[in-house]
Amino acid sequence: MSTTPADDLSDLHREILVFERQWWKYAGAKESAIVERFDMTATRYFQVLNALIDHPAALEFDAQLVNRLRRLRDARRAQRTARKRPEERASA
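So for the sequence shown, the working numbering puts the first residue at 1; every next one is plus one.
These aren't lab readings, by the way, just hints derived from the structure by calculation. Every value quoted in this text rests on a predicted model; they were computed, and no experiment measured them. There may be inaccurate statements among the hints.
To be verified - Distance windows between CB atoms, simulated:
#	residue 1	residue 2	range
1	LYS30	ARG80	14 to 24 Å
2	ASP54	LYS30	16 to 26 Å
3	ASP11	THR81	31 to 41 Å
4	THR43	GLU15	10 to 20 Å
Yeah, the Cβ is synthetic: ideal placement off N, Cα and C, and Gly gets one too.
Start from the sequences, fold in the hints, and give me the full structure.
And the structure:
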């Protein structure tokens, strides 16, 4: 029996990826569901998710989802960089 990189994902990581397939109209509803379903704070959940989407096994498990989440993360990172004050950009 051969294994694939996606087999390296824990049950929790699989559940997180499946959970991320859902669309949420309100951020508060998602945060409440995170606490209820995963028994962790939203901050911790997003830390786990951020590390998870860099894992090759996650990409194999659901490439379309992982690529979308990476694009969203990169866009948020670019927005934060663009919002820096000019003096912060000059010293960076």
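The hints, checked one at a time:
no.: 1; hint: LYS30 - ARG80: 14 to 24 Å; in the structure: holds (21 Å)
no.: 2; hint: ASP54 - LYS30: 16 to 26 Å; in the structure: holds (21 Å)
no.: 3; hint: ASP11 - THR81: 31 to 41 Å; in the structure: holds (36 Å)
no.: 4; hint: THR43 - GLU15: 10 to 20 Å; in the structure: holds (18 Å)
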